[in-house]
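Using the sequences provided together with the hints, build the complete structure.
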Amino acid sequence: MDNPSQIERRFLSPNRKKDFKNNALGVVSGEASDRTLNVWVRLQIQVIDSVIQTVHFNVYGCPHTVAVVDWAAEWLEGQSAKALVALDMLKRRNELGVPVDRLGKLLLIEDAAAVCKMQLDQLNMQGKS
Amino acid sequence: MDNPSQIERRFLSPNRKKDFKNNALGVVSGEASDRTLNVWVRLQIQVIDSVIQTVHFNVYGCPHTVAVVDWAAEWLEGQSAKALVALDMLKRRNELGVPVDRLGKLLLIEDAAAVCKMQLDQLNMQGKS
Amino acid sequence: MKVKEIYLDYAATTPVDPEVIEVMTQCLGPSGDSANPSSSHAAGRRAKARIDIARGQIAERICAPAENIWFTSGATESDNLALFGVMQANKQRGRHMITSTLEHKAVLDAAKILESQGVDVTFVRHNADGVINPHDLAASIRDDTVLVSIMHVNNETGVLQDIEALGECCRERGVLFHVDAAQSTGKVPLSVSDYPVDLVSLTAHKTYGPMGVGAIYIRQGVKISPIIHGGEQEGGYRPGTLATHQIAGFGKAFALADPDREAPLLKSRRDQLWEGLRKIECASLNGHATQRSPHVLNVTFHGIEGESLRAALSDIAVSAGSACNSNIADPSHVLRAMGLSDALAASSLRFSVGRYTSESDIDYVLGRVEQEVSRLKELANGAPDWTTS
Amino acid sequence: MKVKEIYLDYAATTPVDPEVIEVMTQCLGPSGDSANPSSSHAAGRRAKARIDIARGQIAERICAPAENIWFTSGATESDNLALFGVMQANKQRGRHMITSTLEHKAVLDAAKILESQGVDVTFVRHNADGVINPHDLAASIRDDTVLVSIMHVNNETGVLQDIEALGECCRERGVLFHVDAAQSTGKVPLSVSDYPVDLVSLTAHKTYGPMGVGAIYIRQGVKISPIIHGGEQEGGYRPGTLATHQIAGFGKAFALADPDREAPLLKSRRDQLWEGLRKIECASLNGHATQRSPHVLNVTFHGIEGESLRAALSDIAVSAGSACNSNIADPSHVLRAMGLSDALAASSLRFSVGRYTSESDIDYVLGRVEQEVSRLKELANGAPDWTTS
Ligand SMILES: Cc1ncc(COP(=O)(O)O)c(C=O)c1O
Ligand SMILES: Cc1ncc(COP(=O)(O)O)c(C=O)c1O
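Residue numbers (the numbering used here), protein chains in the order written: chain F, 1 to 129; chain H, 1001 to 1129; chain S, 2001 to 2389; chain U, 3001 to 3389.
Read the hints as simulated data drawn from the structure, not as lab findings. Watch out, some of these pointers could steer you wrong.
Unchecked claim - Far from chain S, by Cβ distances over 10 Å, these chain U residues were calculated:
1) 3007
2) 3074
3) 3220
4) 3356
Said to hold, decoys possible - DSBU-like, lysine-lysine: derived pairs with alpha carbons at most 30 Å apart:
5) S:2091 / U:3091
6) S:2091 / S:2112
7) S:2279 / F:17
8) S:2112 / U:3091
9) U:3377 / H:1018
10) U:3279 / S:2112
11) H:1017 / U:3279
12) H:1117 / U:3048
Claimed, not checked - Selected chain F positions facing chain S (Cβ under 8 Å, derived; list incomplete):
13) 61
14) 91
15) 93
As the structure is a prediction and not an experimental result, all values here were calculated from the model. We put the CB at the ideal spot given by N, CA and C, even for glycine.
What follows is the structure, encoded as structure tokens:
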């Protein structure tokens, strides 16, 4: 698989989902940003029955970041919520042929997903309490 | 008159007379040279009845020097012996369009002619005594 | 895959004009005027004649005497020669020079090295539009100031300095004035007989001439030391075999580069572009609105990440700042000096139009920029303030 | 008027090979690869690809890794960069360098300036044939010696130095070794992977490439400071916009310049010429009889004034010494260093043959030289001894 061209394809036409309606059921949101890296990422995730149904994202960042967010969103959908902390950017960077100096930017995607997971856990706690 | 081209013409085909026979009548010779200027000039002149009949020359020098020697030889022929000290290189340089930095070389032609004149005067003195 | 590719990077370099190519070709090859112009034989003299013609053509473009034009390998070398050469040869006059933070790297880096060698360098201030006020320059001049170096047209923003007024400040104080005119030739007139300018850096390749050849104008009487040594070419100011085809092409290019004829065309393309771009909400112009060369527009797209913007517009050859910065992650030093944040400097594009830019090229570019900006804007919806201001 | 004009001045510069012209032309003009190779857009990357190919072609010619080749404006600049750059960057290692009086002005003048800056310069001796003995070099090396600069093929005499042996002397003592190879490319092989050489100056225009572009090989790990500053091109060793057409042509020229193929042809023309010239009584060869490049012959015509000799042979493009000396009254510093008097040095001609020299060219030249030498010899009959010895 020609990974650099997957990057290009995903950057040029990311497969973005429509925004969630306000107060849509089971939707959590996580952001991460780093001004020095010039990146901001937001993931919005709808989890129903512990399964990630839909991932919506917004991103301000370099083409690699945009492409990898797109990949991450696709990868997450259909998985259990635990996948949110299993996004291994170190590994993906290699697979997708992203230059190593971009790793810092990509790690923000992990951060945003981790925030989603925390939100989800809180939501679940509230549901249980 | 296009003097630089007269220089070129005279340099490329100087109008040289044959060498004089040994002990030809009324022949005097004058040389001048300057190693630092990289020039050597020799004039051989046959004077009969105080008139310069024939001028033969040899020269090692730059094209301007060669051309001006050729001109001087032609100019001297048919004139009275006094002409040997009337070769005005300062004036000729201008007329012939020779660059001013060549003047030093040309002055050696005057010197060689002056030696000829001295020789001639000696010859005449000997003739009279 | 890409059906079109529009070149709007004339400030980085220009294609060589076909008439220039013809002149260059006449100097190459076994039947061309390809001898060494320093050789005294006939073939050498023919090459020398080409050099003489070119020297005259270049001189004429800036109203200089031909004998004050010396050939170099480009404006980078000319800038270095001006700074190092003048500061070296005029040590006894002083060890202070003035320049600005808006200058090309060739001047800035040379100034940095001079600083390391004990020269005191003052960076004269400029306003947010990138314009240097002559009063500020006058105030920076000291008794030990030897040289002022200010560019004519900025290569990143297109901002034009008032060289005449700046030069007057120098002339009044007996200070030498160097102008990097790499970007202005053929776009904005420059006359060293009218303006008090002592040294001018020129280059061929920004004006439809070949890359790799430039010149420096040195006013009669200015003391300067060479930076490259060996051989007697160019009056000892710049040794090395003169590149006949390059210089002949340079001359022809400058002969063709008449600002009176070209500037109106460039201006109309640039205005067409700006009329379209200004409708994009997040777009703002960098540099003075009117005091500018007709060929460059530098625009910030607030909230659009720079690298993605350029990648999305890969069918349009534009640059982020200067070409020599374009491979580097560092955002433009010029835009930062004009007060932009790193993020905004990186979100800026330099569009530069030229002789071969058509109206429909601009239409195409406008369509594409609008499309990609709105797509990336939507993608970045919700991003923090630092991405936009 | 002149019916013929024979070019025997290939050591001054060569015409550009038609195949090289074609490559150059592909990089010019609106439809060519004319973008700035430092630009990151597609047009820039196409230009960059041209540069990469050329860098590889040039590297291959001297068996170097491509990443150790850096482009300059010519061998003059490369020589200056080698000398100033190495002595500047290695100040703590010492302030002594070694070169020879046979070098090109670019090296000699740079060495002179270094001397004025406090560098101690030793000129290693050479024999009357212009050959440097490695033992003499070894004896000149001191503990504080930083650099040795010796040319590969002398541009005036064609004499070839034993670069391998000289380099060994340097390597043994940990001294950097710079070789000016401007004259040898395509005539004599040079391999930096086999020879202990640390820096090599190259130029395109002596090898059927364009004038105004050169390169320097810098062995990995050699410390060197740039002499021109500004911009990040060429790893910071040499800023300024890379001249795509020049570099592409340079690469092609070096790809074509195979000494194995060309040297035998050059040698046969040169030998034909020398076989004829040696019959002229007053002619003598300068420089070693066999340790020489196949393209140059330097001959003294004893007793024939130099300027007149050249003027008489105005239909033959030859030179008196190097091209950069040819406008000057000064006789060749190389011939004087080899023991000739001023007059004899001035009475010498450098004949250099090349790719387009035919057998009949040589026949014609021989006829003309014999004719003019005998005419001028007769004219100078009776001249003093200093004109001949
Ligand atoms: C203002 C300015 N100065 C200097 C240069 C350097 O010119 P060159 O590429 O001829 O070295 C450039 C362009 O690169 C420029 O725009
Ligand atoms: C031995 C040698 N070194 C250096 C040079 C200078 O080369 P360039 O003309 O490329 O500056 C020449 C030729 O002029 C040369 O023959």
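Here is how each hint holds up against the structure:
1. 3007: violated (6 Å)
2. 3074: About 5 Å separates residue 3074 of chain U from the closest Cβ of chain S, which leaves it inside 10 Å; violated.
3. 3220: At about 22 Å from chain S, residue 3220 of chain U clears the 10 Å cut-off, so the statement holds.
4. 3356: The assertion about residue 3356 of chain U is violated, with a minimum of 5 Å to chain S.
5. S:2091 / U:3091: Since the Cα atoms of residue 2091 of chain S and residue 3091 of chain U sit roughly 23 Å apart, the hinted pair holds (cutoff 30 Å).
6. S:2091 / S:2112: holds (17 Å)
7. S:2279 / F:17: Since the Cα atoms of residue 2279 of chain S and residue 17 of chain F sit roughly 28 Å apart, the hinted pair holds (cutoff 30 Å).
8. S:2112 / U:3091: holds (20 Å)
9. U:3377 / H:1018: holds (15 Å)
10. U:3279 / S:2112: violated (62 Å)
11. H:1017 / U:3279: Since the Cα atoms of residue 1017 of chain H and residue 3279 of chain U sit roughly 28 Å apart, the hinted pair holds (cutoff 30 Å).
12. H:1117 / U:3048: Violated, at about 77 Å.
13. 61: holds (6 Å)
14. 91: Hint on residue 91 of chain F: violated, closest Cβ of chain S at ~23 Å, above 8 Å.
15. 93: violated (17 Å)
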